[in-house]
Amino acid sequence: MKLHHRWSRTNLTLKKIEVVKIEEHKLEHSAAELKKEETVTFTKAVLWKSVSGLLGILLIISIFTDGFSFGNSSPSGALVAAPSGDVVPSLQAPSAGITDMKVLSDDDPFMGNENAAVTIIEFSDYECPFCVKFYQQTLPQIKSQYIDTGKVKFVYRDFPLGFHQQAEPAALAANCAGAQGKYFEFHDKIFNNGGAAGKSGADYKKWAQDLKLDVAKWEKCTNNPAQKQEIQKDISDGSAAGISGTPGFIINGKLISGAQPFSVFKQVIDAELN
Amino acid sequence: MKNINCVQEALIIVYTSKRYFFVTLLAALVIFLFNTLVSNYSLLFSDFSFSLFFSLLKGTLASMTILSIALLVIMSVLAGVITAMTVFLVKRQVKGNLKTSSSSILVSLIAPSCPSCAMGFLSLLGFGGFLAVLPFKGLELGFFGIGLLGVSTVYLSNKISIKTCSISPKIG
Numbered sequence: 013m014k015l016h017h018r019w020s021r022t023n024l025t026l027k028k029i030e031v032v033k034i035e036e037h038k039l040e041h042s043a044a045e046l047k048k049e050e051t052v053t054f055t056k057a058v059l060w061k062s063v064s065g066l067l068g069i070l071l072i073i074s075i076f077t078d079g080f081s082f083g084n085s086s087p088s089g090a091l092v093a094a095p096s097g098d099v100v101p102s103l104q105a106p107s108a109g110i111t112d113m114k115v116l117s118d119d120d121p122f123m124g125n126e127n128a129a130v131t132i133i134e135f136s137d138y139e140c141p142f143c144v145k146f147y148q149q150t151l152p153q154i155k156s157q158y159i160d161t162g163k164v165k166f167v168y169r170d171f172p173l174g175f176h177q178q179a180e181p182a183a184l185a186a187n188c189a190g191a192q193g194k195y196f197e198f199h200d201k202i203f204n205n206g207g208a209a210g211k212s213g214a215d216y217k218k219w220a221q222d223l224k225l226d227v228a229k230w231e232k233c234t235n236n237p238a239q240k241q242e243i244q245k246d247i248s249d250g251s252a253a254g255i256s257g258t259p260g261f262i263i264n265g266k267l268i269s270g271a272q273p274f275s276v277f278k279q280v281i282d283a284e285l286n
Numbered sequence: 007m008k009n010i011n012c013v014q015e016a017l018i019i020v021y022t023s024k025r026y027f028f029v030t031l032l033a034a035l036v037i038f039l040f041n042t043l044v045s046n047y048s049l050l051f052s053d054f055s056f057s058l059f060f061s062l063l064k065g066t067l068a069s070m071t072i073l074s075i076a077l078l079v080i081m082s083v084l085a086g087v088i089t090a091m092t093v094f095l096v097k098r099q100v101k102g103n104l105k106t107s108s109s110s111i112l113v114s115l116i117a118p119s120c121p122s123c124a125m126g127f128l129s130l131l132g133f134g135g136f137l138a139v140l141p142f143k144g145l146e147l148g149f150f151g152i153g154l155l156g157v158s159t160v161y162l163s164n165k166i167s168i169k170t171c172s173i174s175p176k177i178g
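So the sequence lines, in the order shown, correspond to chains W and A. Per the numbering used here, the first sequence runs over residues 13 to 286. Per the numbering used here, the second sequence runs over residues 7 to 178.
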């Protein structure tokens, strides 16, 4: 019995020591936790991830808000002016109802009903192969189904790209034919001959003769600086409207990029007509 | 030769699990679609329909050269492989890969850009003029992108095929 009693006492003491030790450990742990709460550590990886994540979110927001333009639309639908002679690409693609199509059409040549419900403005480059493709494959269908039926007004504006050597001379030649009332005849001549690639002034002169233009007057016109300024204005307006390549189209404020098939135009035009 | 073996080994390790095929395919598809449709994103968002989606895709592809399409497909697939490798490494809790993977995948977003047809992310951001100055009008970016993606693949493969955990020089 004595032994048992001593053992029990010893056992109790051992237990007490254990309890004390556990409590001491708990105190130390709490102190360590408290210390942890007072300091915050950022590793390089966390910082990099946070910055990348934030930039990614900002990029997504900018895409959805057309470059952070939250409801920034001028009531008159005025375009953002770009310095004349510079191609200033804009991230602000026009959305329906914001772009003033009359302003964007300017005084450039058009086909179809001037007061049509839908206006298509093509920004094109005579040396661009995709513009040739659009002219040959898609424009005939748009013309027969929408332009000739009075539903669409089709405006042609120049957007010669800097690395296409013949784009501007061809545009000048066509504009000067237009000054004598034969713009689209000359425009068709260029595209029916595969575009301006590989062509020269001699070709344009021959076509001017074929169309029975006053060639001397036409040639003088092509050397007129005002005609070059007109082309630069087209480029500026196109860039401001969100055109970044050719062919580019604005259909009642909606931007279409590239030589898209007729089905794309049909859907957009029908949506506007309805 | 060592790098090629390393890549082969890493691909075997990663694609032992079928789910990584799915990850690769999904990532490649996203990159591919992003590059083909980004220049008409506003139209797609304003007037979305599946017929418009497919018409735009078809039209955009028809406007690209064969070389551009080939470069885009290669970049998309490589980006998909890198994505699968990254997911694998993250699951294996191997640190330090997100930087390499993210930057490579961002490179694949620029893709072969055709300045005259306004395709590609760079043209959308207004760098069409810059692309026009390049000798191959932006196609160099496709080759550059593939090169960078290739380097990233090798780097990630080294991480995957490693069979030991490295000891940090700071310890001891």
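FYI, nobody ran anything at the bench for these hints, they're computed from the structure. Idealized CB from N, CA, C, for every residue including glycine. Treat the hints with care, as some may be off.
[What the hints assert, rightly or not] Per label pair, the in silico range of CB-to-CB distance:
no.: 1; chain 1: W; residue 1: 223; chain 2: A; residue 2: 51; range: 25 to 33 angstroms
no.: 2; chain 1: A; residue 1: 28; chain 2: W; residue 2: 162; range: 45 to 53 angstroms
no.: 3; chain 1: W; residue 1: 213; chain 2: A; residue 2: 57; range: 39 to 47 angstroms
no.: 4; chain 1: A; residue 1: 156; chain 2: W; residue 2: 59; range: 44 to 52 angstroms
no.: 5; chain 1: A; residue 1: 156; chain 2: W; residue 2: 162; range: 18 to 26 angstroms
no.: 6; chain 1: A; residue 1: 96; chain 2: W; residue 2: 196; range: 32 to 40 angstroms
no.: 7; chain 1: W; residue 1: 196; chain 2: A; residue 2: 25; range: 55 to 63 angstroms
no.: 8; chain 1: W; residue 1: 175; chain 2: A; residue 2: 24; range: 25 to 33 angstroms
A quick look at each hint next to the structure:
1. W:223 with A:51: 25 to 33 angstroms: Check failed, 43 angstroms falls outside 25 to 33 angstroms.
2. A:28 with W:162: 45 to 53 angstroms: holds (52 angstroms)
3. W:213 with A:57: 39 to 47 angstroms: holds (45 angstroms)
4. A:156 with W:59: 44 to 52 angstroms: violated (29 angstroms)
5. A:156 with W:162: 18 to 26 angstroms: Given range 18 to 26 angstroms: violated, Cβ gap about 56 angstroms.
6. A:96 with W:196: 32 to 40 angstroms: Because 59 angstroms falls outside the window, the suggested range is violated.
7. W:196 with A:25: 55 to 63 angstroms: The hint (55 to 63 angstroms, Cβ to Cβ) holds, given that residue 196 of chain W and residue 25 of chain A are roughly 58 angstroms apart.
8. W:175 with A:24: 25 to 33 angstroms: Violated - the Cβ-Cβ distance for residue 175 of chain W and residue 24 of chain A, about 47 angstroms, lies outside 25 to 33 angstroms.
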